[in-house]
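There are 2 protein chains.
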Amino acid sequence: MNPSQVPTPDTNLEAYLQSAQSSQLEDLSDWLRIPSVSTLSRHTADVERAAAWLARKMEAAGLQNVETVPTDGHPIVYSDWLHAGDGAPTVLIYGHYDVQPVDPEELWNSPPFEPTLRGDNLFARGASDDKGQLFAHVAAVEALLATSGSLPVNVKFLVEGEEEVGSPALYAYLPAQTKKLSADVCLISDTHILSPDQPMIIYGLRGVWAGEITVNGPSQDLHSGMFGGAVHNPNQALAALLAQLHDSSGRVAVPGFYDEVQELTESERIALAKVPYGDVELLQESGAPAVWGEEGYTVTERIGARPTLEINGMWGGFIDDGFKTVIPAEAHAKVSCRLVPDQHSSAIGPMLEQFLKQIAPPTVEVSVNTLQHAPATVVPLDVPEMQAAARAYKTVFGVEPVFSREGGSIPIATVVQESLGIPILFMGFGLPDDNLHAPNEKLHLPNFYRGIRVGIALMQELISS
Amino acid sequence: MNPSQVPTPDTNLEAYLQSAQSSQLEDLSDWLRIPSVSTLSRHTADVERAAAWLARKMEAAGLQNVETVPTDGHPIVYSDWLHAGDGAPTVLIYGHYDVQPVDPEELWNSPPFEPTLRGDNLFARGASDDKGQLFAHVAAVEALLATSGSLPVNVKFLVEGEEEVGSPALYAYLPAQTKKLSADVCLISDTHILSPDQPMIIYGLRGVWAGEITVNGPSQDLHSGMFGGAVHNPNQALAALLAQLHDSSGRVAVPGFYDEVQELTESERIALAKVPYGDVELLQESGAPAVWGEEGYTVTERIGARPTLEINGMWGGFIDDGFKTVIPAEAHAKVSCRLVPDQHSSAIGPMLEQFLKQIAPPTVEVSVNTLQHAPATVVPLDVPEMQAAARAYKTVFGVEPVFSREGGSIPIATVVQESLGIPILFMGFGLPDDNLHAPNEKLHLPNFYRGIRVGIALMQELISS
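First to last, the sequence lines map onto chains A and B.
Position 298 (the first sequence) corresponds to 298 in the numbering used here; numbering is contiguous.
One rule links them: number in the numbering used here = place in the second sequence (from 1) + 1000.
Be aware that a few hints might be false.
Simulated restraints, written as ranges between beta carbons of each label pair [as the list claims (entries may be wrong)]:
# : chain 1 : residue 1 : chain 2 : residue 2 : range
1 : A       : SER249    : B       : PRO1380   : 35 to 45 Å
2 : B       : SER1110   : A       : ASN369    : 52 to 62 Å
3 : A       : PRO350    : B       : GLU1026   : 49 to 59 Å
4 : A       : ASN369    : B       : GLN1358   : 41 to 51 Å
5 : B       : ILE1270   : A       : PRO350    : 45 to 55 Å
6 : A       : GLU106    : B       : SER1023   : 40 to 50 Å
Heads up, incomplete: computed chain B residues facing chain A, CB under 10 Å, no partners named [stated by the list, open to error]:
# : residue
7 : ALA1015
8 : PRO1255
9 : ALA1329
By construction, these hints were calculated from the structure, which means they are not laboratory data.
Everything numeric in this text was worked out from a predicted model, so none of it was measured.
Glycine is no exception: its CB is placed at the ideal position from the N, C-alpha and C atoms.
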């Protein structure tokens, strides 16, 4: 750009944002090509590559003190820009560069790690959860630094590679780093908005308990023709146990499960009823034959404000092609619970195991192994940062955001909130049909570019909040 | 051997049988090294190699008209020796050269396709089911032809490579070959005896129905945090359906399942009570924590004379290492039923599907796909060939065999019995703890060598029956 034609800062920024779109897309696509699946050990080197890629990108964007912190698991990436001056607030931006596994891979319409543009959408594992959403904030910082040389607020990035496996390294890292990470507000873009034109601020996220149920029967696999009918089949026993985890009204049947649950207040039910999402939208997005769930609650309430128990995986016996007449020695289920205030996430595993041991027949043995747990998070609606967030959305989208509670969990959010003592802004720009954790994950590109603008607008709004 | 020292035929045979043991073991081990797993398409070439190996062995043993019959699936191997002269009976010896899959392979103490001798046992997939047992009859023919140049009876071998996948090729082959396969009796060694010193003749085998249950829910995998509690999880729905397939007394709860079942007669119950096998033996062999099954029946009755329904495999959702919070689009179970007279094997699939569709909630769809089915077989105890079989066992083991009904199924036996109109002798020499269809399958070698002698004795006894 010719110095004699320097435009006003805003015009300058606008021109930058328009011309940078193709390189932003190219950069993000580069990152998405790295299969950083944190839960599969065969991808460990890929996860490290994704961390190194991000560190290089942060340097290029003008962020400082870029650090790739080794941990017992996958690295944490830190960087900052702290020159906003006296009195300027500090924003801690959290995200994760690890992604979910891709199976069943045969259901992807394009390879999960070959980002593919179809219409307005970029298809790739991690496009929305969370590489795309996190990248937008790096791009927002880059845009401001490139066009004005500074940021209105101080910024710290804290990015982990273990969000999809329960954040063990970050749990260990946080308590000792509260000074380094001190900030006034934490921004997390790992949620979705209602539709491309309707932003939404999540003020509550459910907690989670996840674990494995194992049923043991005979000491080795048996021939079902020679032992069937006289030995209790662990598959059958597990099915019977799993069938007893819900009652006929869709409630979780584990005794004590609802004891600490905060019932929804009338005003909260009225607020949630305003969320333009119901049975029709649920059926459309899920393709399910019918709505299901706890009697007496709307789907928005079931998903956002009620606890659940889901069987995420189950397996036992012969599951390859063809046929094998076997009674397996054991059968397994991976189960997760979404939790709401004030459920104690640490109590769920023992509670479930006690119930299962009590209802299991003497013909099998059952045990429960906890893999991760974290309580629910709720952010007060009246903090000034929440209002700044609402204005930032309004500036970019032209409409007020709705406030909702969401079904997903970001366990680390609770820890950030508690250890740093700061409010959290869940300002996503994913969409409900982004196929998170499923085949054909995508990112709606118009919202990706809007996300960059929201990141910029938030930095600007926070100085007046 | 020096012609001037030719011993009497029996001494000659005895010397042969003693000196041939090491080469018989070596030959069988060669065959067991070929991983002829019929149900896995990656082993197709191995299955063909196993057929070719058998054909060569038959030639070497002195059998004639050796033929490897190509089919739509795996080849059938035929051979015969038909020079016993006018009036001599003909024995059709059936067996199979295919084997079960080996998973879970990590539980094998030695590689499944590297036959390993530990104590008196040879460990390998197929050692007992059925390569070892079939090989014994080839070795019996070889021994007689080598020492006396002839057999007392005519012999035909019919060996398939699809027994573990429902014998489709043999079903297609048999009806057109009834003349070629015509015989007076069929001998099948694919069952077990009670203990190394107690032979047993199986006079009844259960039939089988095998198929897959599929539960479909949402049109794609969903994030359980965003849809859990509002969409019916197919894993949960399948578990609930499977849990309803048995009632609390261990009976199959599918309406109509027992309608055609022949109840045991009092005399049959008395006979089965003499089988020295009960709760203690069952627990010892299976390693199960407790006995299970249909109330009002002993374990021998449950296994041999009552129909069953077993879940051989089930799977849905994320079953890899780690964790994935998914609601799967579908969940599956592989189910098999063992059937008794006079259950119609073709009726089971529709019966099961009708029941499942009736009890399934509108929030999922359920379907049943039949993979194979065959009715039960019972052989009259009073045919003369059955008495010849008893004498053959007595000659070799020194004790009378017991008569029992067994839980396993050899569907093709029914077809042989019906299409050729001949009785079937189930004269096994496997043992109950041979780990058929499980890790560490083994063959008890003393019984392998006795099996060869039983084969010889049977040929000799049949001419006087």
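Hints versus structure:
1. A/SER249 x B/PRO1380: 35 to 45 Å: Since A/SER249 and B/PRO1380 have Cβ atoms about 56 Å apart, the given range 35 to 45 Å is violated.
2. B/SER1110 x A/ASN369: 52 to 62 Å: The hinted range 52 to 62 Å is violated for B/SER1110 and A/ASN369, with Cβ atoms some 30 Å apart.
3. A/PRO350 x B/GLU1026: 49 to 59 Å: Holds, at about 57 Å.
4. A/ASN369 x B/GLN1358: 41 to 51 Å: The hinted range 41 to 51 Å is violated for A/ASN369 and B/GLN1358, with Cβ atoms some 36 Å apart.
5. B/ILE1270 x A/PRO350: 45 to 55 Å: The hint (45 to 55 Å, Cβ to Cβ) holds, given that B/ILE1270 and A/PRO350 are roughly 51 Å apart.
6. A/GLU106 x B/SER1023: 40 to 50 Å: holds, 49 Å
7. ALA1015: Status violated, d = 38 Å.
8. PRO1255: violated, 19 Å
9. ALA1329: holds, 8 Å
Checked against the numbered hints listed earlier, the structure breaks hints 1, 2, 4, 7, 8; every other hint is satisfied.
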